[in-house]
Amino acid sequence: MNFHDRHLLRLRMNGEDHTLSDLDPRVTLLDLLRERLHLTGTKKGCNFGECGACTVHLDGRRVNACMIFAVSADGREVTTIEGLANGDALHPVQQAFIDHDGFQCGFCTPGQVMSAAALIEEGHTGSDAEIREWMSGNLCRCSAYPQIVEAVRAAAGRAAQ
Amino acid sequence: MTPFVYARADSLGETIAAGAAPDSAFLAGGTELLNWLRLGIAEPTRIIDISRLDGLDQIEALPGSGLKIGALTHLNDVAQHALVMRDYPVLSQAILNAASPQLRNLATIGGNLLQKTRCAYFRAEEQLPCNKRELGSGCSALHGINDNHAIFGWTEDCVATQPSDPAVALAALDAVIVTAHRSGGRRIPAAEFHLLPDSRPEADNVLQQGELVTAIELPAPAPRSAYLKVRERESYEYAIVSAAAVLEMDGRTIRRAGLALGSVALRPWRLSAAEERLAGAEIGDREALSAAIEQSFAEARPLSQNAYKVELAKTAALRAIEKAARMPS
Amino acid sequence: MTISQPVARPDGGVKVTGRARYAADYFAPDLLYAVLVTAPVPVGRVTSIIVDDALAEEGVVRVLTHEDMPKFGQFASPRAEPDTDMQQAEGPPAAQSFMPMQSDEIRHEGQPLAIVLGETLEAAEAGARRVALRYQFAEPELPTRPEWTAIDKAAVEPRESGFLFLEPTFSKGDVDGGIAKAAATVEAVYLQPSRHHNAMEPSATLAEWNDGELTLHDATQHVYGVRQVLAARMNMPAEKVRVISRHTGGGFGGKGWIWPHQVLAAAAARIMQRPVRLALSRADAYSCLGYQPRMAQKIVLAADRSGKLTAVQQDVVNLTTVSDDFVEFATEASKGLYATPAMRVSQRVERANVAMPTPMRAPVEGPGTWALESAMDELAHRLGIDPLDLRLVNHADTDPATGQPWSSKKLREAYEEGARLFGWRERPRNPQRDGDWLIGYGMATCSMGCFRNPTPAAEVRLRRDGTVLIRTGTQDIGTGTLTIFPQIAADVLGLPMEKVDLEMGDTQLPEAGPTYGSSSTMGVGAAVLAAAEDARSQLARLANLLPDEVEMQNGHIRRRGAAGGQTIADVMSHTDIGEIIGSGSFDPAQYGKGLAMRTFGAIFMEVGVDPGLGLLRLRRAIGSYSAGRIVNPRTARSQMTGGIIWGWGMAAMEQSRHEPVLGRFLSKNLSGVAIPVNADIPGDIIIHFVDEVDEHASPIGGKGIGELGATGVAAAVANAVFDATGKRIRELPITPEKLL
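Chains as they are written, first to last, in the working numbering: chain A, 1 to 161; chain B, 1001 to 1329; chain C, 2001 to 2740.
Only chain A is shown next, with the shape it has when bound in the complex (with noise of 0.2 Å):
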């Protein structure tokens, strides 16, 4: 087995192809997003998993990107906040997020709205109380848990038309 110091890394990010010499294995997925390719969409609200603020997706999952070296993403498919709309046309989860007043600060939201899209996928919008459990990896301080359940419920609707 070969360890190294210092990695190649190959990414696919938001429909590109990323390519990153010299990696330092201690760089998270996080960090990658944030400092190295300046997609500061993706937020650090606690860097230990426990805040959900860093959801994106990998191989079409929801993931907290904190908790992941980039170097272990290599050969896969990075999907963040920036690169969930289609153009100018706003995901239907954000474009719902707006609609229903679903965030304040704004802060989370990104993360948020990662989690909803992938909620939506994952089809666990059967009942409100099954969109609550499932957006609570999602915390929001400013407290926009209602809106952010009328806003899955909506986005999930339009989804499912």
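Check each hint, because a few of them may be wrong.
Covered, in the sense of this in silico footprint (three residues per stretch, anywhere, with C-beta under 8 Å from a C-beta of chain C), are these stretches of chain A [claimed, not checked]: (1) 8-22; (2) 54-67; (3) 80-87; (4) 106-117; (5) 140-148.
By construction, these hints were calculated from the structure, which means they are not laboratory data.
The beta-carbon is built from N, C-alpha and C at its ideal position, and this holds for glycine as well.
Here the structure of chain A is known, so what remains is to put chains B and C in place on it, guided by the hints.
Same frame as chain A, but now just chains B and C:
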């Protein structure tokens, strides 16, 4: 984090060979390891990324009866697997009560069993007196804040609890943890996997350096099983107390019961004495059920601030039994 | 008319796409990452800081200690009275007088002792773990046991300082006589733990120097406050400090005043001659910023048979740091809520080697209503009077402390409509069950003082093309100001929202006050209103119309009531003016003289308690408020819902526990400190506002709402728990061990 070197493992053979070297650590889901590195709880110099090892993320029926779950299967995939949901609801429920949806997409079932205590003194950003952080430094919780600590099996060296939800379900199910190691693998009963602090308070489980959990084997289906988790917050929080119940029933009568508590000791706490007395008890006869549960609490020893957990644990066990009995068979 | 419309937030687009930038999202060429090394003990002296191992880490550039730091200047609070001892008193907007890294002294656990600077975040973090501290222990003053006798014994009267906003004592009438003649009395002590703001964004500062001028990108609720304090600390003129804060990721008071890390980032950048970004870790956010301190409140209520209060007594003690006496004026509740002939209140502090407390949503009446509204419920039960009727009987028609008339108060309507929406009068009086759950109903009065900040200036620029730019040095923390200021300008200028842009969050813009204390709508909103009116007046003059007689609609200006009118472009095309610059300000002294001002409301809650498992869950809530004119019912609803959920956290789970031996917060992370998650909150939270305009508070007609929603909630929950279980809980939070 202290600098380390990293490599991705391609085969089980090279993994267990490389893992035998001291200061090596396996990286699977990473949801615990990264935090250990940040806090200095672990400072490995070599990290072996096992997340892409082939064949360890499958769920398959065992010949005859039972289910084998690859250790690298992500928690959400275990919990939402049709066979797990149908035949082992206690495990599905335990997993879905753990962590958050995002963390469950990363964390693996094997790695989950290796998580360390949530004791605030152990997890502190600055190293505090704690025998799990530094053997011989003492236990801050013993005379400090211990209202959420152990009521069973603690010693003056450590009063912490094991926080895994799935581990409680696996203990109640009599699951087997399968490992691989350079010197040969083992099959470890789930209830014996974690270590109490009486011998080596610094250790968490029976694994040796370089020993890798490869699979969890579940015995015969247990459709009448359920998990109950008590916490002040409704979700995304560790338990104050949890309970897993696995029942075999004849009508309303319990034929056989498996019962385990979580967050009351440094390992899932099997209530063996209660299980014996539960055989023959009727669901609906709360007095009989409570009396049976009481059998296992003679050995409960609350700390200075957590006597409430004794009563709470009894009720949780009772409710878990009743919940299991309501599951369709 | 855009005012009072439920307009969607214009900042939605940038916030749902990740384009909204917060302090830690900024970069600068040659940026250095800063990581703090903090004190592991609550008191003592650092004897040595060994940095060799840290410097050996690849990418670590420097480790700064107190020996490297400049001598920071004093900051004299503008609140200090001239010609008195107070003149030099430190106070807000500085959060504390004590500046760390000025000597070897340790005054609280978590205090910054060194700054590790690295080329990468990984390097700086690794270096920070390698800094070795040697220190001398001293005997710490630690918080006493959380019980009244111990706290009462430790309590002292607060010192004069910039943090003492009000008199610590107040009395009127014959309290002892009122108690002696009472038909019923309640005497009880109510406790609450220290709690942190836990904003989702940990505070962060990017400091950059250019030719002796300092630019900060900062997470703050007050860019001008940062400028003021930084200039004083760095011994430089304020004009040479620019502070930018486009978006702040939640404040709640935690970013209201200016903390040492903001100064340390600037100092580090000057020493290094390179830009420095200091983003606090989540753990730092527990010890380098403030929190609502632990409090004990002893309340005595006395009433006659009809429930009319004959005396009120409230004695409050809050924890504070050894350096400054922060006072949490919970006694404002007694002074503001109910009519009583006699009252005696006092505020004291308990000093300890802990971090400095600070205001937190909701300060003052937040803790105050927890105690008073719990005691009112106890009194109602003792007298056999419905808790709502007890409040109605004691309704204060004038300010209870001063006797002044209210600027506006429609609390009776708020009670009535809240009760109707909740079904309070029809609620079941016999014990209710739902499976394992006991159901209970509780209510409480909500109230906040009216904190009005002067706004020196705001600008509204009306351009020839019919677009508008509002310029104000206030800041966005999510409360809705980005929405309502454009609404106000659009309303005056008869333009649709899309035509109005807003520039804020920069000290290069006209000076505005802080975004805290529920003060922005009244303060900045009124200045924007005045500026928009000024722009309209200027346009009127250009159009040869009398400013007082015009109205604007659909991009036209005309005499009020007239048809048609001239377009903005038409009017301006006759001149060589490219844009009209309207300016406005708000001086609270000009409004509501001699009047008492408050916001009011009532919260009705239904909770479930599972006594077997000790669980407490929220089932539904109705908040009904009298808060003046509501500029935007949609953002206002989110503010109130957020406040109620905040109050739920206070009631049911939140606590930052003081470790009794080590003198640190037991947990400094979000898994050890519970705050509500989505699954805790049922959808059934209904918000109602009484139709009201308070023209005395400010020309907007509105008052503040950001904190009001968080008041009363903890008491309403405890009262509902009592209704469900018969257990009176007087210590927050109401966790399982208290309910079993």
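Here is what the structure says about each hint:
| no. | hint | in the structure |
| --- | --- | --- |
| 1 | 8-22 | violated (count 0) |
| 2 | 54-67 | violated (count 0) |
| 3 | 80-87 | holds (count 5) |
| 4 | 106-117 | holds (count 6) |
| 5 | 140-148 | holds (count 9) |
This entry does not satisfy hints 1, 2, going by the numbered hints stated previously.
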